[in-house]
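Colleague: Those protein sequences? They're chains B and P, same order as listed.
Take the UniProt record's numbering: the last position of the first sequence gets the number 430, and nothing is skipped along the way.
Take the UniProt record's numbering: the last position of the second sequence gets the number 430, and nothing is skipped along the way.
Keep in mind the hints are simulated off the structure, nothing from the lab.
From a predicted model like this one, the values you see are computed outputs, not experimental measurements.
Check each hint, because a few of them may be wrong.
These stretches of chain B come out as covered by chain P in the derived footprint (C-beta under 8 Å, 3 or more residues) [what the hints assert, rightly or not]:
no., segment
1, 201 to 211
2, 223 to 232
3, 237 to 243
4, 291 to 298
Just so you know, even glycine gets a beta-carbon here, dropped at the ideal spot from N, CA and C.
2 protein chains.
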Amino acid sequence: MLLSLKMSYKAAMGEDYKADCPPGNPAPGNNSGLGATEAEEDFVDPWTVQTSSAKGIDYDKLIVRFGSSKIDKELVNRIERAIGQKPHRFLRRGIFFSHRDMNQILDAYENKKPFYLYTGRGPSSEAMHVGHLIPFIFTKWLQDVFNVPLVIQMTDDEKYLWKDLTLDQAYGYAVENAKDIIACGFDINKTFIFSDLDYMGASPGFYKNVVKIQKHVTFNQVKGIFGFTDSDSIGKISFPAIQAAPSFSNSFPQIFGDKTDVQCLIPCAIDQDPYFRMTRDVAPRIGYPKPALLHSTFFPALQGAQTKMSASDPNSSIFLTDTAKQIKTKVNKHAFSGGRDTVEEHREFGGNCDVDVSFMYLTFFLEDDDRLEQIRKDYTSGAMLTGELKKILIEVLQPLIAEHQARRKEVTDEIVKEFMTPRKLSYDFQ
Amino acid sequence: MLLSLKMSYKAAMGEDYKADCPPGNPAPGNNSGLGATEAEEDFVDPWTVQTSSAKGIDYDKLIVRFGSSKIDKELVNRIERAIGQKPHRFLRRGIFFSHRDMNQILDAYENKKPFYLYTGRGPSSEAMHVGHLIPFIFTKWLQDVFNVPLVIQMTDDEKYLWKDLTLDQAYGYAVENAKDIIACGFDINKTFIFSDLDYMGASPGFYKNVVKIQKHVTFNQVKGIFGFTDSDSIGKISFPAIQAAPSFSNSFPQIFGDKTDVQCLIPCAIDQDPYFRMTRDVAPRIGYPKPALLHSTFFPALQGAQTKMSASDPNSSIFLTDTAKQIKTKVNKHAFSGGRDTVEEHREFGGNCDVDVSFMYLTFFLEDDDRLEQIRKDYTSGAMLTGELKKILIEVLQPLIAEHQARRKEVTDEIVKEFMTPRKLSYDFQ
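With the rest of the complex left out, here is chain B (with noise of 0.2 Å):
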């Protein structure tokens, strides 16, 4: 089966993949000839992510589709002036790729405007993944170059309406999964996680958001944004409302008083998009400014980017737990490879970056542009075999998430406790 997938791919060989894309280029899924015919098959929402194309998702089409803007080298060269640093590597290379508002955040912070940042996770179980890190990586690196107050949403109560846990479960999963994003090295002083389920009976404005939020969005609308039919409950059906609430300041009194318009940035990974659509809906409805986002594409399952990740799998992807020792046996046995079947057609044909996972996790992960280039031009060449790319890839992710373990290590009960507790953020706004 490997190599008729392999096999079928022989026809989009000749278009390289680019390693340091954004820049004007197609994002990293983006194709012609056979990937497009494929990608019209793309399925998104917040719980389905469905591609036949070992590319991934056809990234471009999904801007068109969901009506955002792409991150063009111009926004990024914008970026880069307005924090005078080099913009981060999800930048460079598309991982971000889409976006709506960004250049009215970047307006205000030029202006000396408070703008905050918003991201969350569903806490389905206790084990993450390395791709969970993403927008969580990303936005630490956000917090950081703004140096802007920063809540994250762990919708356990998501998780209890759509999956067969209880409370204390979807609640369990919510402090666990806080430790591996507290580990990704959020500043304590500008970073306020909350549970939902511990948040709204904890918070006067958050529910108040909620009500209004509700009151201006029918079951018509979730259904054509959701696909929510008549069958499902009536906690699914509104609770998009609670996950649109954070990106209303008000939401926050502990943080920013009474005050409704201080702009929200939410990075998120595409999927999400839909829920801070009816979120831009509404908010000119009941007086609030329209979050602004930043999308990233999806980090692809080991057994290729059409195939999904799965907690309950651990060979689909590098979980936050893993050894060295099991890093290295899944990258080799299962990471799927756009090397050829014999070491003779590798040398004489070459790889296929685009399709190969282990060149793409390290787009993700490994930070020098030159050497990830390098890399690219020599698999692509054939001067690379995939067992020397997959080494590689193995030494950038074991250190990583040793690292990642050492840092969980040292997150307290405390520590989780003091960042999910409402409190004031410190932060520079006037």
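Following the hints, put chain P in place on chain B, whose structure we already have.
Modeller: Chain P only, in chain B's frame:
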């Protein structure tokens, strides 16, 4: 029009209204013949109560339709034995006419097992009329005779969702209405009044129960129960869970700790039953006891039991802010009369207590059974004229309203605040 209405009820006149009705007799609105035919069109849900009969809703039919049980002579006697006191006139006269599982509550009481009371109000305006007091007058009596804690929900979120109100207006009405409720004489040590908008953000237990309920109710179900459509807001669609949640004791951890098994007794008008049918359906599926219920009939508008009282029409009822003079004018001018067109006819054929609003009001507010029965006989025989009947009602209502106003004046902001602060209540549970 008045004449033609009166004429059309001649047919039903043979049947006398029983002032002291419940012991085995049909409920007040019940009748055969013409009334029964018209009652086919009765419509009752939390937002609409419609009947074309001047006698009001056919309550016996409603019991069958809703699947509740009649409060019969036997149950009233059992309550009397349990509390060692004369039952409230609302029980003696079938004003509270229907129940669910009241025998379970009495079993619990007789076995010294705890239970608690829950009632509520939708604060749609500042203007409350005497009809709004019915559940509170009765609940206060229940609190006194059973000596149990009581929670009163002000559904300001509901009113915000359904009406053209701001959150602040809805909350303001909740606080104003709470003053009228407190003026009914509730025990501050045993009563917790809460605004949903407030309490949702102040209780660790309430939202958790709301989500639990929301997980177990589908849109199909609320569509069937409440008639919601796809064009309704997701706030309306999920609201029933919020009215359901106070039926479970762990929604009030400050009162009941984490006890989930303290049974709840809900006195309310029968139009609220759909919420609690839903609640009773969900309860066993989330491991909680079903709440018991006591249902009241509707308080008729001055213009007749088939018309609607409206806060925007000051002449449709006696308001709690009315002066003695306004009361006199309203009763004399607007209270629909079951009397004949001329004194001569009235003396000869007698009046009809079944449709006479002044007489209906007396069944609610005149404590003396013998005197009420004498009035019924005299008015029916023609010995008592309409003016005399209205005079009696005015003399009952004027001091009742004046005393209410005096008690309300005593309700300071501090007292309201204490009633509305989540806190321990004093009660005797072991």
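Colleague: Look at each hint and say if it fits the structure.
Modeller: Going down the list of hints, with the structure as the test:
no.: 1; hint: 201 to 211; verdict: holds (count 9)
no.: 2; hint: 223 to 232; verdict: holds (count 6)
no.: 3; hint: 237 to 243; verdict: holds (count 4)
no.: 4; hint: 291 to 298; verdict: violated (count 0)
Going down the numbered hints, you'll see the structure goes against just number 4.
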